[in-house]
Amino acid sequence: MDNITTYQITVAASTKNLAKVREFISEHATSEGFSPQTVADLCLAVDEAYTNIIKHAYKFDASKSVKIDLEFDDQKLSVRLRDKGESFNEDKYVMPDISEQIKNKRRGGMGIYLMKKLMDKVTYDTSGSENEIIMLKKRE
Amino acid sequence: MNTFKINHRTSSGYDVLDLYGELDAHTASQLEDSLKLLIDSQKSNIIVNCKDLDYIASAGLGVFMAYIEDVRSSGGDIKLTNMNDKVYNVFDLLGFPTLYDILDDESDAINKFLSEA
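First to last, the protein sequences are chains Y and S.
For the first sequence, our numbering assigns the number 1 to the initial residue and increments by one for each residue that follows.
For the second sequence, our numbering assigns the number 141 to the initial residue and increments by one for each residue that follows.
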């Protein structure tokens, strides 16, 4: 029987809360025995996912909220972020060409790339009015 | 709760921004304002000292992406120095080391500027 531990936090969709969200992830992942580098990777991946929700799903409307669930079992950590904003169409995502963006003084699109690089699995799903993103990281 | 600050100084005639703390989508606007201020006052040889930068998210990297072309087109550059491994790793994942000068310390950055002059 797997030993499962879960934690949850609900935060207003504001970049003001980014440090608080990273602290939530860091505290629990550290106490669950993840290495400092993996904890740093997890914090960054969740930061990017939460920032994308604030910017794109909620368009900086801080009256909206984001639910974050963190679940640890014997093999992995899974983190789920849920929102009720505009949904993200993963099929339309193209990895940004950084040197091309620099030439055009553009930025953005790097968060999803980082999340996929840093985590073992990233999935998006929308059901009804709710979007969720689930990211998995195996134990070392 | 976010702790981020920037100190501006000059060293051997170069403008240096010392970054402290965590650079994310909340604090990136502070870096943007500092860079804009330098660019608007025709400063284009800029060193960004990351010695006390503990964390960077893509919003922070985005600021460097948005302004590097302005600086380079006026004959200057933004050179980054003293990054810790965690911060360097994020730049590296996105392929920045081939597009930006990332150097060990301030004197390396100054020497690089001098060699390009």
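The hints are simulated quantities; they were obtained by calculation from the structure and are not laboratory data.
Note that the coordinates shown come from a computational prediction; the quantities given were computed from them, not determined experimentally.
It is possible that some hints are incorrect.
Straight-line Cα separation of at most 20 Å, EDC-like style, residue types lysine to aspartate or glutamate; simulated pairs [as the list claims (entries may be wrong)]:
no. : chain 1 : residue 1 : chain 2 : residue 2
1   : Y       : 76        : Y       : 130
2   : S       : 226       : Y       : 23
3   : S       : 191       : S       : 256
4   : Y       : 103       : S       : 225
5   : Y       : 105       : S       : 244
6   : Y       : 105       : S       : 172
7   : Y       : 16        : S       : 173
8   : Y       : 105       : S       : 209
9   : Y       : 103       : S       : 194
10  : Y       : 67        : Y       : 2
11  : Y       : 105       : S       : 248
12  : Y       : 103       : S       : 248
13  : Y       : 55        : Y       : 2
14  : Y       : 55        : S       : 172
15  : Y       : 16        : S       : 194
16  : S       : 226       : Y       : 125
17  : S       : 145       : S       : 210
18  : Y       : 117       : S       : 225
Only some residues are given here: those of chain S computed to face chain Y with a beta carbon under 7 Å [to be verified]:
no. : residue
19  : 165
20  : 166
21  : 191
22  : 194
23  : 197
24  : 202
25  : 206
26  : 234
Note that the Cβ used here is the ideal one computed from N, Cα and C, for glycine as well.
Violated hints - listed by number, lowest first: 1, 3, 4, 5, 9, 10, 11, 12, 13, 16, 17, 21, 22
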